[in-house]
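Single-letter residue listing:
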Amino acid sequence: MDDQPVCHGVAPVTRRSFQSPLARALGRGAANSGVQHWWAERVTAVALVPLCLWFAASIIAHAGSDYAGFIAWIRTPLATSCMILLLIALFHHSALGLQVVIEDYVHSGVKFVAVIAVRLCCYGLAVVGIIAVVRIAFGG
Amino acid sequence: MIKNGTTDGNSTPARPRPLSPNIQIYRPQLTSVLSIANRFTGLVLSLGAVGLVIWLSAAAAGPRTYGVMQSAIGNWAGQVVLFGCTFAFFLHLCGGIRHLVWDTVHGFELRSIYISGWTVVAASVVLTAAAWTISLFVTGWHL
Numbered sequence: 001m002d003d004q005p006v007c008h009g010v011a012p013v014t015r016r017s018f019q020s021p022l023a024r025a026l027g028r029g030a031a032n033s034g035v036q037h038w039w040a041e042r043v044t045a046v047a048l049v050p051l052c053l054w055f056a057a058s059i060i061a062h063a064g065s066d067y068a069g070f071i072a073w074i075r076t077p078l079a080t081s082c083m084i085l086l087l088i089a090l091f092h093h094s095a096l097g098l099q100v101v102i103e104d105y106v107h108s109g110v111k112f113v114a115v116i117a118v119r120l121c122c123y124g125l126a127v128v129g130i131i132a133v134v135r136i137a138f139g140g
Numbered sequence: 001m002i003k004n005g006t007t008d009g010n011s012t013p014a015r016p017r018p019l020s021p022n023i024q025i026y027r028p029q030l031t032s033v034l035s036i037a038n039r040f041t042g043l044v045l046s047l048g049a050v051g052l053v054i055w056l057s058a059a060a061a062g063p064r065t066y067g068v069m070q071s072a073i074g075n076w077a078g079q080v081v082l083f084g085c086t087f088a089f090f091l092h093l094c095g096g097i098r099h100l101v102w103d104t105v106h107g108f109e110l111r112s113i114y115i116s117g118w119t120v121v122a123a124s125v126v127l128t129a130a131a132w133t134i135s136l137f138v139t140g141w142h143l
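Protein chains in written order, with the working numbering: chain A, 1 to 140; chain B, 1 to 143.
This is chain A alone, in the form it adopts within the complex (with noise of 0.2 Å):
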């Protein structure tokens, strides 16, 4: 890299130099959104890592439960918090997933109907789960 001393020690944002300050703390691009849906997938993404091993290790710890040991194990504070965590975060991962696929392939007008109707499908099946695991762990 001697041959190209202008980029020692230059750090890669400053080399962006078509962007306007403001722009550039905005974090926008030219579709003036996109680093928060980027950014939203690598969060959720994060948060899944543990709650899908928690998920999986539980569910092969209890495959050989009945109902009443299910219920049990559903009813524990953390179980029941997990549980409800992993759903926000699965739904909202898959959400954001499902419009990156749907925004590659759909190229006509049906794709502002799918986009909304897979997010607020994705937004409806969180809901019907963290009710489903609230009535497990309060109902009677």
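Just so you know, these hints were derived from the structure itself, not from any lab.
It should be emphasised that the depicted structure is a prediction, and the values quoted were computed from it without experimental measurement.
Note that CB positions come from ideal geometry on N, CA and C, so glycine has one too.
All the given hints hold, so there is nothing to weed out.
Per the computed footprint, the stretches of chain A lying under chain B, defined by three or more beta-carbons under 8 Å from a beta-carbon of chain B, are:
#1 38-46
#2 69-78
#3 93-104
#4 132-139
If the Cβ cut is set under 8 Å, some of the chain B residues that face chain A in the computed set are:
#5 L43
#6 A49
#7 V50
#8 L56
#9 S57
#10 L93
#11 I97
#12 L100
#13 A131
#14 I134
#15 G140
On the provided structure of chain A, position chain B as indicated by the hints.
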């Protein structure tokens, strides 16, 4: 943006142009196959998430509904689907961790990409096999 197969107003009628990337003419490589697999397993797991909600709702509804759900999972077709979901789960999990490492701007050398790629494949196979072996051991080898 001019759409494929349409004209931009004053030129000759356009033919449908090939879309890039033309994945059908490329020889499958580990990199492309894992990229497609990560997206495909994401779709599969979204459906699996719907299954999770149905399963939790069945449990909340009571022992009878839960029993119907358990027998649906318990038969051979349910077990095959569950096995597929398990592999998809571990592949997406390992592939996702690989992506998170890439997000820290590490491991982009071609050699590293292939090492991490095969690690993802091996780890997914081992974890799926381990999960099923342990759960069958827990249930006393009764399917």
